[in-house]
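Trainee: Reconstruct the complex from the two isolated chains, following the hints.
If you read the protein sequences in the order shown, they are chains A and B.
Residue 53 in numbering that gives the first Met the number 0 sits at position 54 of the first sequence, with consecutive numbering throughout.
Residue 267 in numbering that gives the first Met the number 0 sits at position 268 of the second sequence, with consecutive numbering throughout.
Simulated from the structure, these hints should not be mistaken for laboratory data.
All of these numbers come straight from a predicted model, not from anything done at the bench.
Do not rely on the hints blindly, as some may be mistaken.
To be verified - Calculated pairs, SDA-like style, for lysine to any residue (alpha carbon to alpha carbon, straight line, at most 25 Å): (1) A:83 x B:217; (2) B:122 x A:82; (3) A:83 x B:57; (4) A:29 x A:116; (5) B:122 x A:13; (6) A:83 x B:123; (7) A:83 x B:208; (8) A:29 x B:133; (9) A:83 x B:200; (10) A:29 x B:123; (11) B:122 x A:78; (12) A:132 x B:138.
Stated by the list, open to error - Chain B side only, calculated, beta carbon under 7 Å to chain A, not exhaustive: (13) 80; (14) 131; (15) 134; (16) 144; (17) 146; (18) 151; (19) 155; (20) 206.
Stated by the list, open to error - Some chain B residues close to chain A (C-beta under 8 Å, calculated; not the full set): (21) 135; (22) 137; (23) 139; (24) 145; (25) 162; (26) 164; (27) 165; (28) 203; (29) 204; (30) 259.
Where is the CB? At the ideal position from N, CA and C, for every residue including glycine.
One-letter residues, chain by chain:
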Amino acid sequence: MTTPLSSTLPTGGIRITTDAATEPYWQAAKARRLVAPRCTACGAFRFPPGPFCPECRSQDVDWVNISAGTVFSFSIVRHLPGMKDLVLVPVVVEFPEAPGVHIVSNIIDIDPDDVHIGMIVEPDFVDIADNWKLPVFRGPRAACDSTDQLPAVPEKEST
Amino acid sequence: MSGPDDVAIVGVGATPYYFRGESYPQTITELACKAILAACDDAGIDVTQLDGFAYYSGASAGYGETMDTATFMEILGIPEVTFSAALTSGGGGSAGAIGLARAAIIAGDATHVVTVMSLQQRKQRLGTVFGAATLNPQNSFLMPSGLIGPGHLMSVLARRHMHLYGTRREAFAEVAISTRHNALNRPKAQKRTPLTPEDYFGARMIADPLCLFDFCLETDGAVAVITAGLDRARDLRHPPATVVACAHGGRREWGRAFAWYGMSDPHFASSGHAPVAEHLYRRAGVGPADIDVALIYDHFTPMVIMQLEDYGFCPRGEGGPFVESGAIRYEGGTLPVNTHGGQLSEAYIIGMTHIVEAVEQIRGNAINQVPGTELALATGGPAALPVSGLILGRDR
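This is chain B alone, in the form it adopts within the complex (with noise of 0.2 Å):
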């Protein structure tokens, strides 16, 4: 290992995950504030001690709000921000923008950034955000289609892996009932419920090769997280969750991936975060057999297949067999994937989940703790660039 360990995540911090328009009348500011103050208490910080806020998604707040500084620094009192800026796209930065908080800290602009996302989808929900979105010039070649959400969208990719290398039906179940399985002992989780084969095969189909169940939940709530330097860090609260590597971006063969669907083979049936994946483990000096549990970025089932070949767990192509052989269950998995359940059992909040459950697995206080874990992945996107990945470790 030879990542630079030079800043760590301090805190996490939730509000409770609710359904779709549930949480109202509670409005996104006032979750995201709720999800920050959570962060500095269990940091051990005071609120008024954050001078840094690393946004992604541009800083939107979920579908069609947005997130802004001055506002959270006027309504928790937070005295002076000296810095303030976010990956650009969407929810493909989640992880990266902890990347975003490391550049400010090591450039000594800030010493505790804040990364935050709040979603609230009782205006707009994510399931037909790509047809309400506002008509432009290149939208326009993709709206008439009917493909109106995200994982209409990324059904046609699914569908192309099938064809390329017979993924079946089966390695898509077996994502979703395993992350359910991970979910059922968890308090915050919003399905608690096992999930059976029958009930798979049984469910509707929304945008056929993709049934209900492959699509992630419909929530409403916030996450933030706390970085700061390894040296501060550790004099806070919990264990640092060092930050051993982190990189987003992409290629062009990828680019606005499943918004423009110009990918060729074997872009197209892929996540686009191969090269993310290769700058990762170059900067962390590890490969994926180093990595002890995977929280891998679940919007829908088989971008968590195409994830795990693109990070290396697997051979292009070779992800259904992985998954149906039972590789990445808790129990019995040899990489066990998404032990919070995800966002297809536990709760949706553009990827902030899956960081908060890397760090606890660090920390070692995980609900479904994988025993021993030294690095903890965790994954943004797929989605439009950038993607990103981040590896967590232990302080060495």
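Just chain A, same shape as in the assembly (with noise of 0.2 Å):
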């Protein structure tokens, strides 16, 4: 049996919209890295971006690489209106490197039936409307479990 592989909604009509904020979000996710903000004053991460750290109110950021996560949460949605033939794996990351950050996406590429909680994904970038780019997450590439180690130290970019 052949089971349809997971995507994403149709590229071309997934449309996102930015403040000043989480421009700088996106904006790597154009250059294909995927990076959370944390706090220069403390160190705390938080997700989506806003304007100030809820943990000691700095509005001063740096904006942190980060590479694979592991599997918090997912769901398998089929049956959308008009898409029938879509599966779609979305699914809530988390990453060592990023302690309480949780970012919402896709996995893709893959049969629904392999994804389990606690699996490692890898961002990769896909394009969307008004030439911007979406992360979203691919199975490791070998068949491996979730056994495999993780990247432990963030890399920092400056600001």
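Mentor: Structure representation (structure tokens):
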């Protein structure tokens, strides 16, 4: 039996909009980098990006590269109106490099039956409307389980 | 029991419950007015005596439409209003709106305060409401994922609950089936045929782990509830259903809930109601064991289970086995839940039917009456904060 692999919504119809606090996230995605905001003053991550650190109220922020994460939870969505053949795996991903950051996107090109909580996923980027790119996730390239080592040290990038 | 018991619900009213879009060509305002008039009639007051409006959901009417006090005054001939306010956010405030009405009455700002919800899903249905939302910088982190409706969003919480605690789909099925059973003998219920395990497990998966029967109905209709001071309530038609306690709010760890997914464990796989439940019980001077019937906001079956945990009817993580034991059934259960058939099987008016059922249980005239009911719990949400709870009791 062949199961259709998961995808995103039709990418040409996916739109995002930004404000001053969120735009660096999307600009980084354009450059195929996944980043999260970390407070310069106290080191706490926050997500989605907002204009203040909720721990110390500082407005200074470093945008830190993050890479692989693990599946915190997910759904398998079928039968969307007008998109009967589409299979989506919406996912909440957590990152050992960025405690507290939960990014919501899709795991693509995977048999939904192969997805499980705790599995490692890696970011990829797909073109969406208005020349933006959407961060999405893929399962491990090789057939392997979630006992893989995750990177532990954040790469710091200047603001 | 040590609640203030200073106000009471004195009237409830509703339109018929219609399937999505079938209330047309009535307008949302017309539906709301019919519910308000029915509630006044039930209370034994004239609509011209209404002087307060206490809404929730920012006075929105379902999805993308609004209710407006001045419009109601114009159409119904209400001469003067001395209070008009709304709880913020969405359906999480339904039970809490009665607390807003109480605040107006205790402050002396108003005497007969109506809380109303009206919805018509002709233009926008609940099932895709998040997918149709206006794009903004915050929901740009959510909408691309294809989680287009609240059930899709909450399926992700349900999956985490299953992972952490071993909760089974059989537990979701029990919520759906026991709730349907309670709707079978109700003339106004939208679903009046039995739901079997075969039906449940044979249904299509909409957002796995949730199937069709884990989702609530998409209803058109309106419900109104009138609150008054206890002394005034004693002069009216029915025995007062006293407000023993009401609470709304919640903690940052829950926050925007499934609109941001930033919750950590154990908040993620919860209903966000635990802090509200704590305030509610403390204000009432009662505990979960004192509740005779629980009207639990049931937009999606797993969220009933998580609320049962947050309201202390069972320990966290044990909601699945608790419902699978039959505990929430009207017949034979230890805690009858959603004796009115809930939003899953009677009608979905964004929490209002739970308040109506709580009133009827306290009056003693519910269709599925729990004998000797002294205290009834009604909840609003789980949703983005505020979520809310209400305990009604008999006049003492």
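Trainee: Now tell me, hint by hint, if it's right for this structure.
Mentor: Each hint, compared with the structure:
1. A:83 x B:217: Holds - the C-alpha atoms of residue 217 (chain B) and residue 83 (chain A) are around 21 Å apart, at most 25 Å.
2. B:122 x A:82: holds (20 Å)
3. A:83 x B:57: Violated, because 35 Å separates the two Cα atoms, which is more than 25 Å.
4. A:29 x A:116: violated (28 Å)
5. B:122 x A:13: Given that 25 Å is the threshold and the Cα spacing comes to 22 Å, the pair holds.
6. A:83 x B:123: holds (20 Å)
7. A:83 x B:208: holds (18 Å)
8. A:29 x B:133: Holds. Residue 29 (chain A) to residue 133 (chain B) sits at ~23 Å (cutoff 25 Å).
9. A:83 x B:200: Distance ~21 Å between residue 83 (chain A) and residue 200 (chain B) Cα, so the pair holds.
10. A:29 x B:123: Answer violated: residue 29 (chain A) to residue 123 (chain B) is near 33 Å, above 25 Å.
11. B:122 x A:78: Within the cut-off at roughly 20 Å; holds.
12. A:132 x B:138: holds (16 Å)
13. 80: At about 37 Å, which exceeds the 7 Å cut-off, the nearest Cβ of chain A leaves the hint on residue 80 (chain B) violated.
14. 131: Given a least distance of 11 Å, the restraint on residue 131 (chain B) is violated.
15. 134: holds (5 Å)
16. 144: Check passed: Cβ of residue 144 (chain B) comes within 4 Å of chain A, closer than 7 Å.
17. 146: holds (5 Å)
18. 151: holds (6 Å)
19. 155: With a closest approach of 5 Å, the residue 155 (chain B) hint holds.
20. 206: holds (5 Å)
21. 135: Since the shortest Cβ distance to chain A is 6 Å, the answer is holds.
22. 137: holds (6 Å)
23. 139: holds (4 Å)
24. 145: holds (4 Å)
25. 162: holds (5 Å)
26. 164: Violated. Min distance 12 Å.
27. 165: violated (13 Å)
28. 203: holds (6 Å)
29. 204: holds (6 Å)
30. 259: holds (7 Å)
Comparing the model with each earlier hint shows violations of hints 3, 4, 10, 13, 14, 26 and 27; every other hint is respected.
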